[in-house]
Amino acid sequence: MLTNPAIYLTWMSIRMWLRDRAALFWTFFLPMVIMVIFGLLNFGELGKVNLGIVDLAQNETSARFVERAQGMESLRITTGSENGELDALTNGRRDLVLILPENFGPAAGSRDAEWQPVAIRVLYHGSRPAESQVGLSLLQSGIDEINFALTGTERLVTLESEAVAARDLGYIDFLMPGVIGMAIMQLGLFSVAFSFVTMKREGVLRRLLATPLNPATLLSAQVVTRLIAVMLQTLILASVAVFIFGAEFAGNFFAVLLAAGLGGAVFLALGFAVSGWARTEQQAAPLANIVSLPMMFLSGVFFSRDVLPGILQTVTDYLPLTFLVEAIRGMTVQGDSIITQWPNFLGMAVWFVIAFIIANRTFRWE
Amino acid sequence: MTTPNHQNIDGDAPIIFVEGLRKRYADIQAVDGVSFTVSKGEVFALLGPNGSGKTTTIEIIEGMRAADSGKATVAGIDVSRDPRAVKQVIGVQLQSSVFFEHLQLQEILKMLGSIYRMKIDPEPLLTTVDLWERRAASFRTLSGGQKQRFAIAAALVNDPSVVFLDEPTTGLDPQARHLMWETIQGWKAQGRTIVLTTHYMEEAEELCDRVAVMDSGRIITMDTPNSLIDELLARGFHRQQEVRPATLEDVFLDLTGRSLREF
Numbered sequence: 001m002l003t004n005p006a007i008y009l010t011w012m013s014i015r016m017w018l019r020d021r022a023a024l025f026w027t028f029f030l031p032m033v034i035m036v037i038f039g040l041l042n043f044g045e046l047g048k049v050n051l052g053i054v055d056l057a058q059n060e061t062s063a064r065f066v067e068r069a070q071g072m073e074s075l076r077i078t079t080g081s082e083n084g085e086l087d088a089l090t091n092g093r094r095d096l097v098l099i100l101p102e103n104f105g106p107a108a109g110s111r112d113a114e115w116q117p118v119a120i121r122v123l124y125h126g127s128r129p130a131e132s133q134v135g136l137s138l139l140q141s142g143i144d145e146i147n148f149a150l151t152g153t154e155r156l157v158t159l160e161s162e163a164v165a166a167r168d169l170g171y172i173d174f175l176m177p178g179v180i181g182m183a184i185m186q187l188g189l190f191s192v193a194f195s196f197v198t199m200k201r202e203g204v205l206r207r208l209l210a211t212p213l214n215p216a217t218l219l220s221a222q223v224v225t226r227l228i229a230v231m232l233q234t235l236i237l238a239s240v241a242v243f244i245f246g247a248e249f250a251g252n253f254f255a256v257l258l259a260a261g262l263g264g265a266v267f268l269a270l271g272f273a274v275s276g277w278a279r280t281e282q283q284a285a286p287l288a289n290i291v292s293l294p295m296m297f298l299s300g301v302f303f304s305r306d307v308l309p310g311i312l313q314t315v316t317d318y319l320p321l322t323f324l325v326e327a328i329r330g331m332t333v334q335g336d337s338i339i340t341q342w343p344n345f346l347g348m349a350v351w352f353v354i355a356f357i358i359a360n361r362t363f364r365w366e
Numbered sequence: 367m368t369t370p371n372h373q374n375i376d377g378d379a380p381i382i383f384v385e386g387l388r389k390r391y392a393d394i395q396a397v398d399g400v401s402f403t404v405s406k407g408e409v410f411a412l413l414g415p416n417g418s419g420k421t422t423t424i425e426i427i428e429g430m431r432a433a434d435s436g437k438a439t440v441a442g443i444d445v446s447r448d449p450r451a452v453k454q455v456i457g458v459q460l461q462s463s464v465f466f467e468h469l470q471l472q473e474i475l476k477m478l479g480s481i482y483r484m485k486i487d488p489e490p491l492l493t494t495v496d497l498w499e500r501r502a503a504s505f506r507t508l509s510g511g512q513k514q515r516f517a518i519a520a521a522l523v524n525d526p527s528v529v530f531l532d533e534p535t536t537g538l539d540p541q542a543r544h545l546m547w548e549t550i551q552g553w554k555a556q557g558r559t560i561v562l563t564t565h566y567m568e569e570a571e572e573l574c575d576r577v578a579v580m581d582s583g584r585i586i587t588m589d590t591p592n593s594l595i596d597e598l599l600a601r602g603f604h605r606q607q608e609v610r611p612a613t614l615e616d617v618f619l620d621l622t623g624r625s626l627r628e629f
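Chains as they are written, first to last, in this note's numbering: chain A, 1 to 366; chain B, 367 to 629.
There's no promise every hint is true.
To be verified - Interface residues of chain A toward chain B, partial, derived using beta-carbon atoms under 8 Å:
no. : residue
1   : TYR8
2   : MET12
3   : ILE14
4   : ARG19
5   : GLU202
6   : ARG206
7   : LEU209
8   : PRO212
9   : LEU213
10  : ALA216
11  : SER337
It should be emphasised that the hints constitute simulated quantities derived from the structure, not laboratory data. Note that CB positions come from ideal geometry on N, CA and C, so glycine has one too.
Start from the sequences, fold in the hints, and give me the full structure.
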């Protein structure tokens with residue numbers, strides 16, 4: 001068995017890879033650091049609106065109002081003095097500050113709900129229109145409700161909102177598939193592009209050309225090694241996300257591995273295309289970066305593509321990393337199967353064919 | 367142009383047969399109709415200035431390059447028809463041989479062996495070139511001379527009947543060069559055929575049964591070193607300076623000894 005060139009070369013290339021500290025750094029360490037940093041930042045929390053309440057009334061009604069506001073999921077409430085809260089608003093620590101006037105609530109002395117019309121002052125941060133807008137509309141609906149309750153008007157129209165996702169999803173659930181996809185892309189593109197260009201430039205490939213080695217055997221050893229690396233990488237990154245950050249992993253793990261393997265094949269083929277074209281590492285690096293950097297930011301790795309302008313959304317629909325990340329995300333977040341994720345798998349398969357044809361045309365031994 | 371010299375040592379059939387090889391690169395006719403034969407067990411050298419076509423000729427015979435026209439066979443196998451079968455029976459040392467990173471010398475040899483579908487023992491191979499002590503080193507950490515010696519060991523993994531050495535002693539110190547000469551003579555004694563290129567004429571004179579001198583892609587003469595020298599003297603050539611019975615190299619070796627310095 002050990003004299004079978006295909007098996008022996010694969011075994012040796014795994015050994016080489018395990019001894020290559022730079023490769024291990026890029027494959028495992030860096031993606032893990034990215035996941036940990038972004039996981040700790042927890043961008044999901046940033047979606048909350050910071051609301052400061054200044055309660056000048058200090059009565060039962062105002063206390064009830066504050067309590068009610070604290071029950072609103074999208075608001076993070078702080079209370080404080082007028083000066084303190086306005087200061088926090090200017091410093092950007094609050095998105096909105098609400099001032100309940102002294103005459104908030106029933107007029108003193110009256111037994112029943114004898115309200116004077118009252119104006120609640122809201123100050124918001126001009127540079128954060130999105131958060132302020134969300135806060136204002138939330139407040140508006142809250143105040144309407146209070147109005148209804150106080151005036152006794154019957155509510156003819158009510159809005160029943162229901163959360164669509166049954167599970168409580170956080171940013172880490174979004175992030176994990178993104179980082180896994182990004183790591184696979186980097187591994188596929190860079191490991192092949194660099195190691196083959198180095199072997200080509202130094203003449204390692206030429207020396208092998210003087211042996212009866214079948215080129216396909218060498219290529220398959222290199223590809224198998226890196227596909228094993230892709231699987232290991234996926235396993236490790238997913239473990240960190242799930243066991244340390246409590247990320248959701250709804251789908252079948254082997255289905256995710258299959259998506260990872262197919263994505264790995266796509267980016268390996270792209271890597272071979274790059275290494276075929278480039279004569280030196282100095283040419284390979286910028287080319288691999290030109291391919292990978294836009295995808296890193298436009299394929300929904302760190303943030304949703306929903307924030308992209310319309311035309312860019314349409315274009316990025318077809319990026320290979322988009323297919324990979326969305327396939328994995330569909331499985332881990334929604335528990336999709338390979339069958340329900342078929343469009344993304346098809347997208348990757350098409351990219352594989354394209355990349356394979358380019359690689360086949362550009363690849364050279366010397 | 368001289369006709370190929372078919373004088374065979376011991377009357378053996380030629381193990382290498384080359385006829386009318388031509389190879390053109392863009393605007394340079396690198397090899398321009400080269401023909402020769404090498405008998406089994408012979409040490410044969412291609413001599414010539416840089417760019418004369420030696421390396422291209424050798425690489426065509428090794429099956430690494432396709433010729434534009436002409437024919438080459440090694441051990442009866444047509445190189446253009448079955449290059450991999452030729453590669454299976456030959457050993458090759460390239461002008462600059464580089465091997466995988468992150469592997470030990472002994473692992474590289476075992477891996478090369480697997481390519482020939484052979485399970486090999488790296489010890490005798492590395493011992494011949496005095497590198498057994500460094501078996502666990504990686505190729506990159508070797509000195510220039512050690513790399514050269516390792517490339518020689520790597521050329522022998524498949525126990526080849528024909529060995530091609532492209533400038534095997536370029537860059538070696540005199541001690542290592544003499545070790546290399548002994549190694550080559552040892553291979554000849556084992557019945558291997560050796561084809562080499564060199565820029566050192568004393569090396570060709572010392573080692574080779576026959577030499578071919580190339581220039582501009584053609585063989586301009588081919589014979590035993592002695593016959594070529596006799597022929598030159600017969601034309602009335604005289605060295606301007608009488609050769610002294612010792613050379614500077616003899617002085618160098620006398621002072622520094624004959625044993626290898628780098629292990």
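Against the structure, the hints:
no.	hint	verdict
1	TYR8	4 Å, holds
2	MET12	5 Å, holds
3	ILE14	11 Å, violated
4	ARG19	4 Å, holds
5	GLU202	4 Å, holds
6	ARG206	7 Å, holds
7	LEU209	5 Å, holds
8	PRO212	4 Å, holds
9	LEU213	5 Å, holds
10	ALA216	12 Å, violated
11	SER337	40 Å, violated
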